[in-house]
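If you count the sequence shown from 1, position 113 lands on 113 in the UniProt record's numbering, and the numbers rise without skipping.
If you're looking for bench data, these hints aren't it; they were derived computationally from the structure.
Backbone N, C-alpha and C fix where the C-beta goes; we use that ideal spot for every residue, glycine too.
Be careful, since some hints might not be right.
[Unchecked claim] DEER-style ranges, computed between Cβ atoms:
{"hint": "1", "residue 1": "I39", "residue 2": "M63", "range": "50 to 58 Å"}
{"hint": "2", "residue 1": "L53", "residue 2": "G21", "range": "39 to 47 Å"}
{"hint": "3", "residue 1": "D25", "residue 2": "R76", "range": "31 to 39 Å"}
{"hint": "4", "residue 1": "P118", "residue 2": "R82", "range": "47 to 55 Å"}
{"hint": "5", "residue 1": "D114", "residue 2": "E86", "range": "44 to 52 Å"}
{"hint": "6", "residue 1": "R13", "residue 2": "A85", "range": "32 to 40 Å"}
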Amino acid sequence: MKLLVARETGLLRLGEVLSDGTNIDADASKYRSVRYDRIKALCEHLAVDIAELMEQVERADIMDTDPQALPKERARLEADVREQAETARPAYEKKKAAYDAKTGCRGRAPKPPDEKLPPERQVSGRSA
């Protein structure tokens, strides 16, 4: 009977419940249970709250203002980052040149490509 009442009020949706064998203890408290008339009052109250929130959203959409938008601050921060990158570039280039000079050429030099390919070698896109 309780499930039917919950279904009629929209508080119950039946679906699939999967269990992996975990034991979950549940206690029903007589102090935390809600009467049917109280459920209806809560649903009405929630409907009013939802309507108020939807009105706020519609007003915000009409005004088209975003209180979290900070375009001036973001532009300033991006300019600061660009400036820091430009001032740091010469030091980076200097360190990179010193590292390349220190490490030099490691290993053996790569073998130059053959002038003429062997006839048995397949070359995609060209005729040999």
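Hint by hint, here is what the structure shows:
| no. | hint | verdict |
| --- | --- | --- |
| 1 | I39 / M63: 50 to 58 Å | 36 Å, violated |
| 2 | L53 / G21: 39 to 47 Å | 40 Å, holds |
| 3 | D25 / R76: 31 to 39 Å | 55 Å, violated |
| 4 | P118 / R82: 47 to 55 Å | 53 Å, holds |
| 5 | D114 / E86: 44 to 52 Å | 45 Å, holds |
| 6 | R13 / A85: 32 to 40 Å | 54 Å, violated |
Of the numbered hints stated above, those contradicted by the structure are hints 1, 3, 6, listed in ascending order.
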